[in-house]
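Please put together the full structure from these sequences, using the hints given.
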Amino acid sequence: MDPLQFAYHHNRSTDDAIAHLLHTTLTHLDKGRGNYVKMLFVDYSSAFKTIIPSLLTTKLEDLGLHTSLCDWISNFLMDRPQSVRVGNCVSSTLTLSTGAPQGCVLNPLLYSLYTYKCTATSRSTIIVKFADDTIVMGLISDNDERVYLEEIKHLENWCQENNLLLNVSKTKELIVDCSKKQEWHYKPVRISGTKVERVDSFRYLGVHILQDLSWSRHTNSLAKKARQHLYHLRRLRDFRLPSKVLRNFYTCTIESILTGNSTVWFGNSTKQDRQALQRVVRSAERITHTELPDLQTIYYKWCQTKARRIVKDPTHPKNRIFSLLKLGKCFRSLKTKTERLKRSFFPQAIRALNQGN
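With the sequence shown counted from 1, adding 22 to any position gets you this note's numbering.
Keep in mind that the hints are not guaranteed to be accurate.
No more than 20 Å apart at the CA atoms, straight line, and that leaves these computed lysine to aspartate or glutamate pairs for EDC-like [to be verified]:
#1 K192 to E219
#2 K217 to E178
#3 K209 to E172
#4 K71 to E178
#5 K192 to E178
#6 K192 to D65
#7 K175 to D154
#8 K246 to E307
Label-pair distances were calculated between CB atoms; the ranges are [what the hints assert, rightly or not]:
#9 S119 to S238: 47 to 55 Å
#10 R257 to H207: 51 to 59 Å
#11 N270 to T89: 47 to 55 Å
#12 S201 to S90: 53 to 61 Å
#13 T216 to S114: 30 to 38 Å
#14 T143 to S96: 25 to 33 Å
Bear in mind the hints are in silico, worked out from the structure with no lab data behind them. The beta-carbon is built from N, C-alpha and C at its ideal position, and this holds for glycine as well.
Take a look at the structure:
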């Protein structure tokens with residue numbers, strides 16, 4: 023399996039994919055003032071429905087799966103009768119031999135195996151995947167975007183060979199450049215002759231990523247969504263439900279919104295962003311008449327928990343970041359030039375582990 027396919031892996035989640043994306047970006051920006059990063063958020067048209075069983079079987083055999091298992095999967099995907107029923111009316115039957123059955127639990131795994139060879143061809147490009155959510159990253163230095171553009175062309179050719187259709191209208195490009203160049207410096211990306219739209223923000227795996235890597239838009243969205251659930255919390259209080267029930271409701275609905283993927287964005291959020299989120303917590307405290315954990319404490323605890331899991335997982339792509347010092351008690355701190363890299367997840371996680379030892 024591709025180590026940068028973060029879906030359907032043990033000890034992987036959306037925050038792993040986002041953390042990898044952000045750490046790679048911030049590290050590259052940290053190396054030189056003229057460096058910038060281009061991110062191509064790729065969209066496929068009906069990705070799971072375009073799998074070719076014969077191609078999948080070949081890929082599974084290359085991975086070392088037994089022939090009988092490959093044949094079983096191929097038989098499962100081939101010659102599938104399908105019809106549509108509305109009330110008492112049933113359509114005529116159509117036989118399908120491409121894609122995977124809708125709602126099938128095997129779909130995500132089969133797709134991951136089908137695309138495991140879709141990887142970057144250069145050290146200055148990275149392809150990060152979470153199921154079919156794919157990002158092509160170009161780590162640009164000296165305004166040389168040739169390798170990045172070649173990587174996109176390579177992806178386009180790979181998709182054609184594997185019957186995957188790129189949806190150019192929904193594919194977007196975002197540029198992270200702290201040197202604030204003028205837009206004309208950047209070369210446009212074209213796929214099949216169509217120019218890809220350039221955006222200043224993109225919502226990836228539930229997190230708003232902006233071209234300046236600020237988090238106010240994301241935290242404002244979280245605060246607004248969480249405040250909407252305070253109404254339901256008040257209604258439950260009015261029914262005189264026990265405090266334990268109110269707290270459970272808060273934890274499952276409001277706190278889960280405020281802390282979603284917080285390991286990747288909370289460290290670099292501003293004081294004003296954090297205060298806006300914490301005001302929601304204080305409102306919930308007044309409603310429930312109980313003391314609730316503050317978001318900083320939750321963030322710190324989650325950083326420690328996440329870091330320990332990565333340390334114990336040698337297959338994690340960022341496992342090598344956590345290297346012990348000679349005495350074997352503390353982990354080596356990451357060298358950072360900028361405050362934004364210092365406050366990002368991996369440097370914060372190492373500090374949290376060292377303080378916990």
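Hints, verified against the model:
no.	hint	result
1	K192 to E219	holds (8 Å)
2	K217 to E178	holds (14 Å)
3	K209 to E172	holds (12 Å)
4	K71 to E178	holds (18 Å)
5	K192 to E178	holds (15 Å)
6	K192 to D65	holds (6 Å)
7	K175 to D154	holds (18 Å)
8	K246 to E307	holds (17 Å)
9	S119 to S238: 47 to 55 Å	holds (49 Å)
10	R257 to H207: 51 to 59 Å	holds (54 Å)
11	N270 to T89: 47 to 55 Å	holds (51 Å)
12	S201 to S90: 53 to 61 Å	holds (57 Å)
13	T216 to S114: 30 to 38 Å	holds (36 Å)
14	T143 to S96: 25 to 33 Å	holds (29 Å)
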